[in-house]
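A.B. asks: Each chain, letter by letter, is given below.
4 protein chains.
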Amino acid sequence: MILSQFQEVGRNLFTQGLVSSQSGNLSIRLGECLFITHRGTMLGSIEEGDLVQTGITKNGRSTPLASSELPVHRSIYQHTSALSIVHAHPPYAVALSFVEEEIIPRDMEGKLLFSRVPVLDKEVLKANELCREITEALKQHKVVLLRGHGSFAAGQLLEEACYYTTALEYSCRLLYLLKGLGVNAGQNF
Amino acid sequence: MILSQFQEVGRNLFTQGLVSSQSGNLSIRLGECLFITHRGTMLGSIEEGDLVQTGITKNGRSTPLASSELPVHRSIYQHTSALSIVHAHPPYAVALSFVEEEIIPRDMEGKLLFSRVPVLDKEVLKANELCREITEALKQHKVVLLRGHGSFAAGQLLEEACYYTTALEYSCRLLYLLKGLGVNAGQNF
Amino acid sequence: MILSQFQEVGRNLFTQGLVSSQSGNLSIRLGECLFITHRGTMLGSIEEGDLVQTGITKNGRSTPLASSELPVHRSIYQHTSALSIVHAHPPYAVALSFVEEEIIPRDMEGKLLFSRVPVLDKEVLKANELCREITEALKQHKVVLLRGHGSFAAGQLLEEACYYTTALEYSCRLLYLLKGLGVNAGQNF
Amino acid sequence: MILSQFQEVGRNLFTQGLVSSQSGNLSIRLGECLFITHRGTMLGSIEEGDLVQTGITKNGRSTPLASSELPVHRSIYQHTSALSIVHAHPPYAVALSFVEEEIIPRDMEGKLLFSRVPVLDKEVLKANELCREITEALKQHKVVLLRGHGSFAAGQLLEEACYYTTALEYSCRLLYLLKGLGVNAGQNF
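Chains as they are written, first to last, in my numbering: chain P, 1 to 189; chain A, 1 to 189; chain U, 1 to 189; chain H, 1 to 189.
Calculated from the structure, these hints are not laboratory results.
Only a predicted model underlies this, so the values are computations on that prediction, with no experimental measurement involved.
Even for Gly, the Cβ is constructed at its ideal location relative to N, Cα and C.
Everything hinted at is true.
No more than 30 Å apart at the CA atoms, straight line, and that leaves these computed lysine-lysine pairs for DSS-like:
hint, chain 1, residue 1, chain 2, residue 2
1, A, LYS111, U, LYS126
2, P, LYS142, H, LYS111
3, A, LYS142, A, LYS58
4, U, LYS179, H, LYS179
5, U, LYS122, A, LYS142
Among the chain A residues that face chain P by a calculated CB cut under 8 Å, a handful are:
hint, residue
6, PHE98
7, VAL99
8, GLY180
Hey, can you work out the whole structure from these sequences and the hints?
C.D. replies: Listed below in structure tokens is the structure:
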């Protein structure tokens, strides 16, 4: 049941090109428990052994197999009401993250979902700060972008966090296409 | 039988990137009955519980689960001969909708199907007017675009409305590629 | 056996975006017999009833269900050694067909397969002439482009004609990307 | 077991558009044995008969069916510790290979995997030299590009060589999108 949620969302993200063959990671929270994909999981074809179970706080046991983004996932679960997190590398969103301080969607779906999506700069922030900044951003936003890296989306269901990710990429792809047509973000429609 | 039509068309639209994971909606009319996908259906993997049955006119029962676009679907069924409707978010068509008043295809298939595809402006029109304008447009056209939002296509079979949607996106993608090559819509071929 | 060849090639073309949901057509020749997809076949999911059997010459029986491109297929089989034909709408190839008189690939695979791919102009040629021109071109070339319309590729196996189509599209996509990088066709590499 | 690895990786590469219907080839080394896809294998649907078994050195028996890139695969296995090789035609990487002497990723994943990816020029180097240059490059790099042709990636598992290929293409696609946004490789982020 848990596994099939991970599989459907993973396949979805891979099919839409939002993760490469081994990038991205997914997690869910169940009480004080956390299930996260392990390092190098191919999200397009998740298998039973690909899920690591641990706690939302760092307890005694080490988790060498869990995704290296585990500290970010933990921090989000500790400080927000999220029950599911999707980390992906959506290509148009990542491209825009190099030149924008925040993403402001132009399509109706994006506007309804996000008034704006903040872009955090990994180079500028230290690792600890970054973790805190992502967590802070997800208290107010459904999804946040790390410049040159990828997105973190949080929701109740994994499906929901996946939806925010794909909707962000759709909005960013549209913004990119609009730049090609000479439409600037500042123009009124 | 009904379900499998929805599933095939939904998968088709999702595979071609014309809807994101939870955007878009589909409906068919059977007599005075209307079957429509419910809010947030993942069109790429429609299941039995994803279809809502209601009437083509607003009767007593409320339909809180039906797609929020239900009023548009109802209006189209009431005033045209359509038996199937596909609402999608084709990215190149939506991008062009920002800069064009109408889409005039340049490829042979698009020219045979559509002499032109009108673009309606949601910001300018009030909700009631918009519903009426979409319906009016679909009396004369196979498909219509809403600026910054998406397409509505109407046909007899769901497959047919899907075909108009994918053919419109193909034509728009070609127009976009041609702009990149410096070919303008006005040039004669 | 015949059906499964059509199904595999059709699915392949659709998955790669070389045909839209109902565009394109496939045929094979067996002796004096010709099997062709019928009008409006969804190449991504060909079923048994989608194939029409007829002759390579126009005999008494009419074939109202066969693809409207049947005369082109017949002409190719009558005048060349082809045993399989794929007609598709590859988007980058069609885009370039508006601005090029012939396609000259830059990638190694394309160069090995095609020294050049001719572009015929449907607007300029009459229907009869066009049919003859396509046939003539396929005596010397593996694939030919019709401006603003699509490609015809001929081979022994359907798989082979499919390969020429996908390789042409790959070469054209690369040429398009190179234009975006400021590399012109005339430059030497 | 061997077959299923080839099938999964082949399907993966095809789905992501990194090989066209019959381009690309895969191999693995088992002791002194080498398994390689045969000429014209459709990587998207590898079957049992598509694998050719031979040695990592040229022994007496000829291998007319093996991929024409067999000498490159042999040379890599003879002179490096690679156990798996993926040769593909990733379109954005090939496009950039025309204008760059080396690829320097800008995304975090690409930066972690590759400090730089060398671009070799097939036109400039003779066949023998090229084979040696590819082998030399793969002693220090996970993946190498041949200008106007494609990539060779080497790893322990086929999955790993596939991952390097898709990660390279992701980095190159991002670099291409960034050029469209006016971001140059020289800019500091």
